[in-house]
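J.: I would like the entire structure built from these sequences, with the hints used as guidance.
Chains as they are written, first to last, in numbering that gives the first Met the number 0: chain A, 0 to 269; chain B, 0 to 430.
To be clear, the hints were calculated from the coordinates, so they are not data collected in a lab. Since this is a predicted model, take the numbers as computed values, not measurements. One thing to keep in mind: the hints can contain errors.
What the hints assert, rightly or not - Cross-link-like lysine to any residue pairs, in silico, SDA-like; alpha carbons within 25 angstroms at most:
#: 1; chain 1: B; residue 1: 263; chain 2: A; residue 2: 128
#: 2; chain 1: B; residue 1: 429; chain 2: A; residue 2: 35
#: 3; chain 1: B; residue 1: 263; chain 2: A; residue 2: 116
#: 4; chain 1: B; residue 1: 83; chain 2: A; residue 2: 7
#: 5; chain 1: B; residue 1: 185; chain 2: A; residue 2: 118
#: 6; chain 1: A; residue 1: 40; chain 2: B; residue 2: 159
#: 7; chain 1: B; residue 1: 429; chain 2: A; residue 2: 31
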Amino acid sequence: MAFTHYPAVNTFISSFFLAGKGGAAPEFVGLENYRFLLEDKIFWKVLKNNLVFASCTIPLSIALAMTMAFLVNAGLPGQAWLRLSYFVPTVLPMIAVANIWLFFYTPEYGLLEQVRRFLGFSGVNWLGSESTALYCVIAVAVWKDAGFFMIFYLAALQQIPPSLGEAAMVEGASRFTYYRRVAIPLIMPTTLFVLVNATINAFRMVDHLFVLTQGGPNNASSLLLYYIYEVSFKFWDTGYGATLTLVLLLFLGLASILQFGVLEKKVHYR
Amino acid sequence: MLKQTVKPQFLVLAFALLLLLSSTALAEKVSLTFYFPVAVGGPITKVIEGMTESFMKENPDIKITPVYAGIYRETLTKALTALKGGEPPHVAVLLSTDMYTLIDEDAVVPYDEILPAQEMGFVKDYYPGFMQNSQTGGKTWGIPFQRSTIVMYWNKEAFKEAGLDPNTPPKTWTEMLDFAKKLTKKDASGVVSQWGVAIPTTGYAYWLFQALAIENGIELMNPAGTEVYFNKPASVEALQFLVDLSRKYEVSPKGTIDWATTPKDFFERKTAIMWTTTGNLTNVRNNAKFDFGVGMLPANKRPGSPTGGGNFYIFKKATPAERKAAVQFVKWMTTAERAAQWGIDTGYVAVRPDAWETKLMKDYVQTFPYAAVARDQLQHAVAELSTHENQRVTKALDDAIQAAVNGTKTPAEALNEAQAEAERILRRYKR
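T.: Below you can see the structure in the form of structure tokens.
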């Protein structure tokens with residue numbers, strides 16, 4: 000109760016108030032925070048950003064995780080090393096990771112720019128352009144998440160009885176057919192689990208923004224949670240922060256209903 | 000007989016006990032937490048920690064715990080979060096422009112409420128230009144510490160290569176544009192290896208833009224911090240100039256220019272001229288592998304720069320004893336000698352005229368005349384943009400500047416929106 004329901008209810012109540020300045024009591028403003036939400040251009044921008052972020056990071060990180068898991072499960076030489084290198088991003092702290100990527104993206108002498116310059120292209124300001132900043136942030140998130148999800152897939156793949164693979168081979172199925180018809184259907188419950196996590200991550204991932212872009216330029220890479228942080232802890236507009244938080248809760252609620260209510264029925268192979 | 004032999008021992012014991020008690024009473028230290036930000040390159044945390052250690056050596060009854068809290072904005076967030084959590088720092092260095100925010104949050108206490116009126120004379124020791132953002136309503140809320148103005152750094156070698164006199168910096172916008180065109184190096188396929196000029200547009204975009212606005216003859220806010228003038232024609236022109244540098248004349252990188260990496264761009268010869276705080280002076284001096292110059296910002300209708308940087312604030316929650324100790328610490332940190340040393344260690348402007356009269360500073364300026372540029376620029380300086388809900392209002396302006404340099408909005412559109420947003424935010428503070 001204290002840790003799950005109380006904060007949610009409290010957030011709901013706070014969203015009807017305007018934060019009092021300097022310890023003054025909050026003022027009841029009814030639906031004004033909600034009315035402002037509708038006309039807040041930054042909110043609509045970060046919402047759109049977050050949807051783009053989710054629709055890129057979720058499929059990309061899942062596809063990448065699955066591919067990597069197949070690779071490290073296939074018994075190739077040096078697979079211990081491979082597993083380690085795929086998993087490393089997961090164990091690094093996000094702030095450190097973001098600092099490394101900051102160097103990749105630096106205009107003029109960053110790693111990406113050096114490669115491009117070597118190939119004869121002119122400079123791109125990756126994090127400083129409204130058109131590229133969000134995708135740079137997405138790339139970091141995918142890179143970070145994929146290694147983590149790979150672990151679940153690896154575990155799931157190793158649960159598949161080897162006899163199924165042997166049977167497929169006897170039947171003359173190609174490796175591709177084996178994956179498509181046997182392995183992937185069998186790891187669907189894992190995919191659901193990963194999907195839930197990826198969705199949560201897409202709305203929860205925020206730490207690298209502090210280092211990479213601070214949501215800029217002109218909010219081009221800002222996400223919902225980062226905006227909530229700004230409104231609540233930089234501007235101390237806790238009432239509006241609560242309103243935004245409710246929107247976030249709403250999204251996560253919808254996602255979980257969809258995933259557990261609809262998809263769960265379809266993933267278990269019976 | 001026995002009693003008589005015991006008695007003196009007893010006395011000694013009692014005396015020792017008394018001594019022990021009184022010495023613990025004496026040693027009862029006042030402990031202060033001190034938040035500070037780092038906004039420039041170089042080993043600033045080490046310098047600050049060194050200073051607090053020598054303070055504690057001289058004042059054994061006070062214990063200071065310095066806490067590095069990120070850049071200015073993060074330090075404010077941290078301090079206010081701690082305040083709401085009930086344990087604010089006792090003393091903190093925060094932007095001078097955070098004054099209204101801190102007052103509105105009822106976070107800080109003015110020095111006048113800690114010290115009796117006859118002891119307040121010391122505020123006259125600091126440059127009046129720095130006190131503009133430190134006093135309001137007849138009270139002193141902040142004491143200047145790491146204060147600055149924006150200055151222009153130029154690479155003398157690049158000037159020579161471009162056929163310019165390395166000792167003559169551009170004095171006006173037109174000259175800066177001319178010079179920058181000559182300084183921009185492009186190869187046949189249009190790949191730029193050296194830009195003419197870089198004016199950062201992240202981190203403190205509003206601050207650098209304010210310099211352009213001042214030079215174009217406009218101040219961005221009223222002294223009460225309740226009105227802003229973002230979309231006046233002179234402001235729009237100033238932003239247009241900034242946008243044109245990259246988008247029309249192509250003498251500056253496109254998109255936003257990062258505050259934190261601009262000095263590095265300068266060291267790496269990616270830009271021949273940069274605008275940044277004088278607080279980076281020592282950083283540049285230690286890291287630039289070429290001869291460089293430092294000058295006042297070029298003028299348009301007038302010369303000018305906003306002042307900038309951080310003040311010492313004392314938090315209201317501190318007990319009277321802690322407040323007293325905090326003032327003692329603040330005064331110690333800003334004595335003439337210390338201000339001079341701090342200025343030399345960083346490049347920040349020593350905050351009081353008598354610091355420049357110390358032998359230490361005189362010798363330094365003798366060997367390194369650029370140390371005095373920011374001080375000399377003070378006569379043209381204007382108070383930094385500061386309003387109620389400063390973080391929010393400056394974010395509106397930052398967003399507008401970034402949209403304009405990215406070409407997603409025209410300067411006029413962007414500034415009209417920022418103006419409307421700022422007016423909405425400031426509505427509740429207007430009487």
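J.: So, for every hint listed, does it hold in this structure?
T.: Each hint tested on the structure:
no., hint, result
1, B:263 to A:128, "20 angstroms, holds"
2, B:429 to A:35, "20 angstroms, holds"
3, B:263 to A:116, "19 angstroms, holds"
4, B:83 to A:7, "20 angstroms, holds"
5, B:185 to A:118, "16 angstroms, holds"
6, A:40 to B:159, "48 angstroms, violated"
7, B:429 to A:31, "20 angstroms, holds"
The structure is inconsistent with hint 6 alone, although it conforms to all the rest.
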